[in-house]
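J.: These are the residues of each chain, in order.
There are 2 protein chains.
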Amino acid sequence: MRGTVLHGPGDVRIEERAEPKIVEATDAVIRTVATCVCGSDLWSYRGINDVPKPTPFGHEYVGVVEAVGGEVTAIRPGQFVVGSFYASDNTCPHCRFGYQTSCERKQPVPGCQSELIRVPLADGTLVATPDEPSDELVPSLLACSDVMGTGWFAAVAAEVRPGSTVAVVGDGAVGLSAVLAAREMGAERIIAMSRHETRQSLAREFGATDVVTERGDEGVERIKDLTAGVGADAVLECVGTGESMRQALRSTRPGGNVGFVGVPHGVEIAGPELFWTHVALRGGAAPVRRFLPDLIERVWNGWTDPGRVFDLTLPLSEVAEAYSAMDERRAIKALLQP
Amino acid sequence: MRGTVLHGPGDVRIEERAEPKIVEATDAVIRTVATCVCGSDLWSYRGINDVPKPTPFGHEYVGVVEAVGGEVTAIRPGQFVVGSFYASDNTCPHCRFGYQTSCERKQPVPGCQSELIRVPLADGTLVATPDEPSDELVPSLLACSDVMGTGWFAAVAAEVRPGSTVAVVGDGAVGLSAVLAAREMGAERIIAMSRHETRQSLAREFGATDVVTERGDEGVERIKDLTAGVGADAVLECVGTGESMRQALRSTRPGGNVGFVGVPHGVEIAGPELFWTHVALRGGAAPVRRFLPDLIERVWNGWTDPGRVFDLTLPLSEVAEAYSAMDERRAIKALLQP
Chain A
1 MRGTVLHGPG
11 DVRIEERAEP
21 KIVEATDAVI
31 RTVATCVCGS
41 DLWSYRGIND
51 VPKPTPFGHE
61 YVGVVEAVGG
71 EVTAIRPGQF
81 VVGSFYASDN
91 TCPHCRFGYQ
101 TSCERKQPVP
111 GCQSELIRVP
121 LADGTLVATP
131 DEPSDELVPS
141 LLACSDVMGT
151 GWFAAVAAEV
161 RPGSTVAVVG
171 DGAVGLSAVL
181 AAREMGAERI
191 IAMSRHETRQ
201 SLAREFGATD
211 VVTERGDEGV
221 ERIKDLTAGV
231 GADAVLECVG
241 TGESMRQALR
251 STRPGGNVGF
261 VGVPHGVEIA
271 GPELFWTHVA
281 LRGGAAPVRR
291 FLPDLIERVW
301 NGWTDPGRVF
311 DLTLPLSEVA
321 EAYSAMDERR
331 AIKALLQP
Chain B
1 MRGTVLHGPG
11 DVRIEERAEP
21 KIVEATDAVI
31 RTVATCVCGS
41 DLWSYRGIND
51 VPKPTPFGHE
61 YVGVVEAVGG
71 EVTAIRPGQF
81 VVGSFYASDN
91 TCPHCRFGYQ
101 TSCERKQPVP
111 GCQSELIRVP
121 LADGTLVATP
131 DEPSDELVPS
141 LLACSDVMGT
151 GWFAAVAAEV
161 RPGSTVAVVG
171 DGAVGLSAVL
181 AAREMGAERI
191 IAMSRHETRQ
201 SLAREFGATD
211 VVTERGDEGV
221 ERIKDLTAGV
231 GADAVLECVG
241 TGESMRQALR
251 STRPGGNVGF
261 VGVPHGVEIA
271 GPELFWTHVA
281 LRGGAAPVRR
291 FLPDLIERVW
301 NGWTDPGRVF
311 DLTLPLSEVA
321 EAYSAMDERR
331 AIKALLQP
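Going line by line, the protein sequences match chains A and B. Positions 1 to 338 (full-length UniProt numbering) are the ones given, in order, by the first sequence. Positions 1 to 338 (full-length UniProt numbering) are the ones given, in order, by the second sequence.
Do not take every clue at face value.
Said to hold, decoys possible - Only part of the chain B face toward chain A is listed, based on derived beta-carbon distances under 8 angstroms:
1) PRO93
2) SER102
3) LEU281
4) ARG282
5) GLY283
Simulated from the structure, these hints should not be mistaken for lab results. Everything numeric in this text was worked out from a predicted model, so none of it was measured. All C-beta atoms, glycine included, are put in the ideal place defined by N, C-alpha and C.
Next comes chain A alone, as it looks inside the complex (with noise of 0.2 angstroms):
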């Protein structure tokens, strides 16, 4: 089958890998409808994340069930499944208070640009539609199983309520999504951060009700401004740089919250700036997990749709480009259809 290999930083390739079989028991195998190119991918892709050997890459993705093993009760061949980034037995302590990225038995599932994965841990991971889903719905219940399924943690987080001003960090796909995920949620305002057109128009669309162009102590400043001098709320750091992380905790109202699901590089968060402010900080790797059966009802119900953080949509073969574009900010999201 087909596959996604990344050789070093900026050569990314589509090559012929060996099949993926049933190995435990407890293991699915499925046939990839649609997968995509994460932020967090061009962490290696740009060279800041080392990248020693050929590594198959993605870990998002929707499919139909191909096999399962002999201990898979909940999932069936033929189903369409969605599934996390990371396999859960959800059956743990962890999972049952909801934080399935940090399953006792969590494992990554790597490789999932290709035609085929396997998805260990089947049971506690993949969530099956009702039916098979039309292609129109295909990008949504795919954004289900990373972005939105972050953006919606990112906002669970910060305790996200109606009535609650927020702001976004981050305009990549999970920060829009978590423009969506606050707007369900009931925020009554919702303050994206973005200097790029495009996102700018989506986030409006997904529910911004203010664009604040500004960064770092100016853009600290715009949100005071638009909140009376308060500070936000809620606030959504999706990026996970230092600087992002400042920006998030210098925006939030005392006693406000910070949740963070940009995966951090360089930051570091000094007790006293956290003390006096009494700023309160949620986050991390998010347990999609938790949220997939409530996320695809609303997708499918067509309440919502946060497959329009998909702006490219291209063959698996041409992977290359979908990368490059997201690299060079061309692309919100690239969807690969194997």
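Once you've looked at the hints, dock chain B against the given chain A.
T.: Only chain B this time, still in chain A's reference frame:
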């Protein structure tokens, strides 16, 4: 009037000072009935915080109102009042969200280890008791003014709920109060970390179900052992060092909460550690004013007795011995009677 002045490390004296007067129309002046020494006073007494010139000390107090300014309406002369260590207007947006220690007009209430105290923003800072309290109630009311209010905030910040498993880092008066707060909030299991027999014993009386004497990695291991490898739902950090914060973060289960109230000295938190553990953080200078009406009611009705943290009572004239006893851990907390 007589008041306490810190001259430098280890040098605390009782001196004749000018009588405080009404300066602003929102001020009150109170005659101190009881005051005390705070663990945080020791940072200066030990020379860790710099004290460049002789400074009036103390910030915990209960007393009887002597005089009020022309704009004070909620408090009147003759009332017995409990105040918090920061004055707040209790009307600004931050106060209304319950973060009075981030009040837009916040200011310290300094020099409280004295016979008379000027309290700014009296209406927003002081809470009167229903009547003149009996002598036995005074220590518990005084405890509400700081340590119990602070321990209570630690438990609120860490989202302690009925049934929670709680660990408390720190066995000073705040840590012990945090144990009591967790019990009041219905925690099922309360693990106190202490290697000091007197404190362990009070912790148990306050509701601790387990005592852990180990520190650092071993302390974390013990808490994991006691929680079937999961970690505590809520960890109350009541010290403020890098070591204690590390211990708190590592003792918490994924998705659990650290409530931190120890003033941070040398605390740096690595973004990736928070991200990959899913531990949430909320803390800061406790907004004691938020909790005062509730805490006073609990004490007034005899439901709880936080004043038991005072194991040394001295006349104000012996303030030097009070500092020394706490510094040498001969006393948990010293109450001073003017």
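J.: Each hint should be assessed against the structure and marked as holding or not.
T.: For each hint, the structure was consulted:
1. PRO93: holds (5 angstroms)
2. SER102: holds (3 angstroms)
3. LEU281: Holds - the Cβ of B:LEU281 comes within 8 angstroms of chain A, reaching about 5 angstroms at its closest.
4. ARG282: For B:ARG282, the interface hint holds, since the closest Cβ of chain A sits about 4 angstroms away, which is under 8 angstroms.
5. GLY283: Status holds, d = 6 angstroms.
Taken one by one, the earlier hints all hold for this structure without exception.
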